[in-house]
Amino acid sequence: MKEDKGNFLDGPRLDAVSKVRGRERYAADEYSEEFLWAGAKRALVPHARLFAVHASRAGAHPGIVRVLTFRDIDGPNRLGIVRNHQPVLVDKVIRHVGDPVALVVARSREALLGALDLVTFDYEPLPGVFDPEEALKEGAPRVHEDNEEGNLMRAVRVRRGDPDGAFRGCDVVAEGVFETSRQEHAYLETEAGWARVDENGVLVVVVSTQTPYRDRKEMAHALGLGTDRVRVIAPYLGGAFGGKDGITVQCLLGLAALHTDGVPVKMWWDRRESFLAGVKRLPARMYYRLGAKTDGTFQALSCRLYFDAGPYAGLTGEIMAMGVEHAGSAYRIPNVNIEGYCVYTNNALGGPFRGFGVPQSTAGMEQVVNMVAGKLGMDPLEVRRVNALKTGDRNCVGVELRHSTGFSECVDRLVEHRFWKDREAWKASAPSWKKRGCGVGCMAHGMGYPALIPDEANARVELTENGTIRVYSGVSDMGQGNAGTYLRIAGEILNQDPATMEIIQPDTDHDLPSGTSSASRTTYTFGNAVIEAAGGLKGIILRAGVRSLGVGGVDSVELVPGAVRVKGSARQMALRDVAALIDAGGRSCTGYFRTPHDESTLNIMYLGTHVLYSYGAHLARIEVDTLTGRIDVVDYVAVTDAGRVLNRSVYDQQVQGSIAQGIGWALMEDYIVKGGRHETGDMATYIVPTSVDVPDMTSVAVEPDEATGPFGMKGIGEVVISGCLPAIANAFHDACGARITRAPFTPERVLSALAGEGEKSETEDILCS
Amino acid sequence: MKQKISFVLNDSPVAVETDPGRRAVDVLREDLGLTGTKEGCGEGECGACSVLVDNVVKLSCLMTAGQLEGKRVVTIEGIAGDGELHPVQRSFVELGAVQCGFCTPGMVVTAVGFLEVNPAPTRDEIRVAMSGNVCRCTGYQKIIDAVEDAAEKMRAGSSRG
Amino acid sequence: MVRLPLQRTEVPLVCLEGVSELRGIDESADEVRIGAVTTHSELISGSLIGKHFPLLRDAARCIGAPAVRNMGTIGGNVCTASPAGDTLPPLYILGAEVELRSLKGRRRMPICEFVSGPGRTQLDPGEVLCAVVIRKDHGFNFHHFEKVGQRKAMAISVASFAFAAAVGEKGSLARARCAFGSVAPTVFTSPVLDGLFSGNPISEGLLCDAAAIVREGISPISDVRASKRYRRRVAGNLLMRLEGGAGCR
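Residue numbers (this note's numbering), protein chains in the order written: chain A, 1 to 769; chain B, 1001 to 1161; chain C, 2001 to 2249.
These are computed hints drawn from the structure, not numbers from a lab.
Quick caveat, the model's predicted, so the values are computed rather than measured.
Hints may be right or wrong, so weigh each one.
[Unchecked claim] Straight-line C-alpha distance at most 27 Å; calculated DSSO-like pairs for lysine-lysine:
hint	chain 1	residue 1	chain 2	residue 2
1	A	K435	A	K421
2	C	K2170	A	K674
3	C	K2152	A	K435
Kindly produce the complete structure, drawing on both the sequences and the hints.
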């Protein structure tokens, strides 16, 4: 939409004041004498047949109200929107250490903790699988006995042109095997919520969730309730990044609340439980082969991507699919063979994490691009410029790019940046014991849902009887500030100061289904729906004003903050008075938007593809300490195409936060699971960056106008994170002439690489030295 | 075994009767209704539970209720009270240092305590001062910007007398 | 305190920070007495520590992050006796002694005797560590400390290197002491290693020889933070930092 930016899109976050005072109440901040506490007994064995749960000792513990098992579930007891096979409480088979075996309901947190230890269960350990390629071998233990394809959850293959022939015609071919780690979201607010069955028999759940509407459906199904008997309310989340995209505490809470006779129940996972039971970024092992001609043009790409799903389908197949869709990053490649495999294991639950498969495949592709550039003796940015996708091109899976494609401009800006131009001099002046490197990494990221899944939103904007504008948000705000942005967008359309407006956070009773808070869609999709709804409300208000102000038509009046005014005069009517003229049902307007999609892309691959992409080109300047192996990122530049910037501060918040998570993933974040057991199960052993571990970052916005986006924007939430790992990997190669292909690039792996040890199996370290 | 624990909380005297071995963060949140102080990890690794105890930043998840006896404790709710925002809070708002907001109380408390002792810090010193407060949303940059901005404004404000 | 919530037993606690005899940093003619509940922040800001034992101050600066330094104490660090305790290598180099008290009386012992193994000390039941006492006449005029962790704050040491020397006018070392943390069950020191330095200026050749002794002498383990191979490699490497002037007077 080509509306010009006016007054109200800029300005500080509207939710900041209550948060900075400590007054914003998150899901875990409700306390009451009344509240019962619920907690899950976790299996702590990676694969086992469950025979019996012994709850009587726990049930007799002082302060315990009930101990519930699968037998207390009056419904299918199954979660999962793709494969409905994950139990709320295990009935037959335990498939990962975090699988819940029983649910204890207690009068206090202390009683709960005491009782959980007293729950025991009889089980028979089963052999487990812990590596996706091993899991695909003949005879591997099966995670799901009834899965026809063994441990293969899903495979997706895209083939275009004649890759075998094209490889034969290439002047250079580079190949590598790249591994990326399991990453844990480590949002500051762990999973929490509370629930009760109200006077009307409705199960009301207040929960930190990205997906209130989908939660309602999943809960209702799993617990055997009608969806009209479940209400989900989503306050501001204390971070999520994909880790609260789906069921966390909801079903366990709901199950507890169904057995407490209307007394409210609270559940709050402490950090260890959050790590144990929550989803993680799928680790990936990727075999990449890229061929090019001497002029730098990419001719052929062949890759096999193995994703470790963990024990249940969740959204893991969709994550792998998005990795496949983006396997060629932001380049034209006419001949491709891309194979993606999503594989069950008894490792930690795999699930959404910012980027959703794209950071993984981008990590592989962007390194092999540099390897090709190296073989050609070509500048790494030049080889990218030569192959950069432009509007009208087809991307690696064959999607024709009909929307804004600002990738070339991103590359051009980086070429002109002084860090790139001055890199040789900068490297040459490295201090003692340090080596310096400058590396680039680029990316594309499809916005919204793939073609098969309608990416739609329904907004409602209302003029309250007090004359304030109220927006009903259907999309959770997990910290990205979309709630405030909706007010700003409505403010722009209605010419009202957003600070005077109200937002109702998602509540399945009051708001309208609008999809998930994920997929970089939250401003684009719902924002477009707000524009339509606010536009409709504007008409309603002006028409009411016209009648009262006694002028000819709506062209003679305009909205000003707080009032309708006759143009060119001082005569106006306060919105409160206008509201009194309209009956309640008529004071509100809904708007609908569905993101552009192309069903023909269903012929390309599972789910179809995206059609709208954001892009980026990044540069990392690093110093490698050759004594300790530590890599410091001393400077970072992110050039981004996410369409027009609505609010620079909110935009840069996403860029900077993404870079920090990307640096963490590249250098220190590795959620280690060995033999199915979690080795980094708390924040002392799972290492995330602190303020001294990240540099000052430079964010450059290239702003092509995206005609379909609210005020010309596209999604910014995920695109940036994919650039960090490859930029740092390529910078390391630039600094030291070696490539570490297994991330994170810990000091240990760096020293190994510097010693020329190659990629020895790391278990050898423990046995031999 | 309950014990009476008396201390000054956000400038007002307060007394709680509780097991002195309970965690301070639980007493603040559950008994005193001050949920601005958050729990992020329960083991002192994230800083979300930061409070000021006799002007010194401490982690309330690693303190017992008994350790509050006789102390002057300030939580996020006491930084501004019902009044105007503290300069640190104002800078956090204006410079975009707040996203999900869950780390924010700990960040603000830490920054307020820090600037009392070091009113003219370098950017690197600010980064070190905030290094015990984990944020997953911001990448820290705007938080550092905000503390720098608040320090400058506080110095300018006090020099005007 | 960090492990407390996991224990969930009825353990009576006595809070020592309120005991005045355990507080304060005081000096006498020969010694500085650091009360057991002296926090790491107080070690960093204490003028006596900065003046007499800057090595200890530099190590304390590397612990955790500000709030952790405000709460953690030297007594806690010593009695926890983690192989990764950051105050320990400097205290070994400085020949610190611990002062223990119980109803039966007082006793003092060198820290290297007090720490008897990983997480183990000679503290008897009913005994409290009251102070860490360090003689002022160590004669060191040069010190260096480096900690290696998985990140630059809030990190448990994977390896640490403390060094102090009495440097003569021509740059030659009359005497030096080295101590390594996190690479053995307790702090690693070696008279042979220290002896390499005495009478010699620091040179690359000397440091390489020293690194070989260190790598040979330590007994690191592999754990979730690092492998023994890395620890062995980096411990030797840390010595090289002394070449070209790392460390200070």
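Evaluated hints:
no. : hint                : in the structure
1   : A:K435 with A:K421  : holds (18 Å)
2   : C:K2170 with A:K674 : violated (55 Å)
3   : C:K2152 with A:K435 : holds (18 Å)
In the structure shown, a violation is registered for the earlier hint numbered 2 alone.
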